[in-house]
Amino acid sequence: MAVGRDDHAFRQRWFEFLAPISRKWRIILGTSIWILFFGLWELAVLSGWVNTLLVPSPLQVINTLYELFAERGFLMDVGISVARILGSFVVACAIAIPLGVLMGSFKAVESFVNPFVSAWRYLPAPAFIPILLMWFGTGELPKLALLFLGVIFFLITLIMDHTSQVRSELIETAMTLGGQRWQILWTVVVPAVLPSIVTSMRQMLAIAWTYLVIAEIIASTTGIGAMMMRARRFLNTDEIMAGILIIGLLGLAFDVMFRWLQRVLFPYLDQEGHA
Amino acid sequence: MNLSHAKGEASTATAVRASTDEPKLRLERVGKSFHVPRGPDIEAITDVSFSTYENEVCVLLGPSGCGKSTVLRMVAGLEQPTSGELTLDGQPIVGPAQERGMVFQAYTSFDWLTVQQNVEYGMRLNHVPRGERRERAAHFIDLVGLSRFADAYPRHLSGGMKQRVAIARTLANQPSLLLMDEPFGALDAQTRWQMQELMLSIAEAANTTVLMVTHDIEEAIFLADRIEFMSRHPGTVHEEIAPSFKQGRRLRQKEELIGLSGYDDLERHILQLMREQGSDSTDH
Ligand SMILES: Nc1ncnc2c1ncn2[C@@H]1O[C@H](COP(=O)(O)OP(=O)(O)O)[C@@H](O)[C@H]1O
Ligand SMILES: [Mg+2]
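Protein sequence lines correspond, in order, to chains A and B. Position in the first sequence counted from 1, then plus 1, gives you our numbering. Going by our numbering, 276 is the number at position 284 of the second sequence; the sequence numbering is gapless.
Only chain B is shown next, with the shape it has when bound in the complex:
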């Protein structure tokens, strides 16, 4: 990436950070094996090292079963690494915390709470005063376009709307790192790209660093400032890819992607990587 170019864009706060900055999140030779009753341990990931920088959208991409979710769950503090270390702002990660909010692929709306109460939930846990809670929730509900449904219960919402509630709930809680595990995987194509655009704009507005998992190549290229491509056997970071054809800009709309020169080459490159990884997929 061209450093001088990045400086020129810095005022817009959308430039990809130069890698000389202190990383926000840092994984150092992280490994994880799962104990299985009456069976050999499963080595899910081996020797994973990468860093994510402030305000960056970092995407973990790879074939299914390569350990993307495992990495994300360890960053969330939901899973303990077997080896290596994970740090956020230089502090080791020792368990789940408010600073690392996670959005899951499965719907996680609390059915007994209205949309408003769902979005306020995290702030209630953290004893945010009532007035501020209301305000912040209303703001994020507005951002995800659900103001009309603030008093509805989740069962009246579509899948895409439930996922927007989950995103609003996590962002309203002001995490410094937003974690998302295939958050749009269950959505239909149209809702999916609307949500991708929405996510980019609100992550930017809320100044949040994002670490996201996907197995969708187009989604990765569209959203990412940095792609960590993971391989299977062993599950590790195979290649770090900066979509440099975007020249450090964030795209706002999906169609901008198509016109950019370099997009095709990158997609072809990643498709080849996927194919190499897929060819040894005998354990599916």
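Looking at chain A on its own, in the form it has when it is part of the complex:
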């Protein structure tokens, strides 16, 4: 009765609705698109289709990146940029997390603060650059202030929304167990919303990178963005591209770090981040 496996192998096709793909093939396919991209780029340079002054070869960019770090103190610029991000982001979180949690928990706080916060969200942070430069000059403060303004209001709103979505049954259960308001805030609301807070932080950190680059390109003599603007004056496109590459890599690194943090802090969640 046994049916020969080879004669009647289950249908396997490349394009199949709802069918999963193996891990091996996922990696192979994901890598090949990058190989293809860099291959075409290299080919375009080698065959002279593009002006190498404007489009350096990928190998040239990697080489320049190495030189920047090894001989020209680029690490300092990267360090300054990262410090700006972290400095302003820590301050933004220190304000947004407690405020957002309180707004999401108590309607009185929301009614008082939210009309203010939601109005600010409609103003793109770069609109403040001229006035920030006038107030704070060209030091670190205007950059930190721009990063801060760029993320704080969205962060507050995100955290408020997540907090108000904490299931009411959880809070009511704690109430009927005899919990007082602050006990419930600390032992139910905060732990319930914490994974979502970390997710919001991850998302807003990516936005902070955007504002960092804007700040450094417009008004800075230090940092990754400033290095790229200096390179532009000397037509060093390889340095500009090295800067783009490093910004991308740093963004990726922060994202990976946050995902790792999420796994370590919340082992009780499943892979997708939901209980």
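Since the hints were made in silico from the structure, they are not lab data. Because the structure is a prediction, the values reported are computed rather than measured. Ideal Cβ positions, reconstructed from N, Cα and C, are used throughout, including at glycine. Check the hints yourself; a few may be wrong.
Listed next, with one range per pair, are the computed distances between beta-carbon atoms [unchecked claim]:
1) A:Val114 - B:Ala98: 45 to 53 angstroms
2) A:Leu253 - B:Asp143: 31 to 39 angstroms
3) A:Arg122 - B:Arg126: 47 to 55 angstroms
4) A:Ala109 - B:Ile250: 52 to 60 angstroms
Stretch-level coverage of chain B by chain A, calculated; a stretch enters the list once three of its residues show a Cβ under 8 angstroms from a Cβ in chain A [stated by the list, open to error]:
5) 93 to 102
6) 107 to 117
7) 151 to 162
Chain A is already provided as a structure; the job is to place chain B with the ligands on it using the hints.
Relative to the frame of chain A, chain B with the ligands by itself:
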């Protein structure tokens, strides 16, 4: 109900109390309307009066939308009555408190705590010393049969197990009145009757008075010492039913129910009540 019979059974502590005792919980002409933005107020319940006695299992039964949850939430202190008064042991109910623990239909396990920590949670809120907390939690986890899972997180548990955690957590906190809103509604049939039997035995062991909501007729008859049947439009107690065919005994197993004479009649009677109530259900 036959009073002399009840006295004969009193030593087993399973007899239904005579209604001449002081009630444990008492609702007096309670009404509740909800304000709805841009709409007329919704009168959820009107003129609800009934009493529950010490160690009794009292069941609120009725078609959906008749206000069972609203009554229970007011007893829990989660909702303020618009009119009338609610008292527990003669004291007015003014808000939620440890003495009135509630089990919800939706799962309420705290995902960030293990089963043991979940069950200890209420006692932690009430500053029960660590050693006693441990012991009491272990006892109730054992009662609901989850000792093997004491250190597991809720996401590894099935729906029935999560609900057992919620029951253990509430009972370990030693409420004098246990409130349950369709606690087994989300469970499959088999888990459901296992949980019903379990609930009866532990409510008895812990000497807890139970007020429970259901829309399941069989569940009501099996568990109840007293059934308050509620109607819609208006949402109020339509009829108080004592399942007297049980002769004041608590049943331990579901199959005992089937053999008892009088069970069929009661079920038929309640089914008719449900049908009458259901026939005007145009607002579903
Ligand atoms: N928070 C609320 N706001 C407005 N109406 C409500 C609210 N809670 C309950 N109701 C209304 O009160 C009535 C009774 O509801 P409920 O107590 O949930 O009934 P049951 O539990 O018997 O199904 C329903 O008509 C419902 O729509
Ligand atoms: Mg209900």
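Do the hints match the structure? See the list:
1. A:Val114 - B:Ala98: 45 to 53 angstroms: The hint (45 to 53 angstroms, Cβ to Cβ) is violated, given that valine 114 of chain A and alanine 98 of chain B are roughly 30 angstroms apart.
2. A:Leu253 - B:Asp143: 31 to 39 angstroms: 36 angstroms Cβ-Cβ, so the 31 to 39 angstroms window holds.
3. A:Arg122 - B:Arg126: 47 to 55 angstroms: This hint holds: roughly 48 angstroms between Cβ atoms.
4. A:Ala109 - B:Ile250: 52 to 60 angstroms: 56 angstroms, holds
5. 93 to 102: holds (count 6)
6. 107 to 117: Coverage by chain A holds here, the residue count being 4 at a Cβ distance below 8 angstroms.
7. 151 to 162: holds (count 3)
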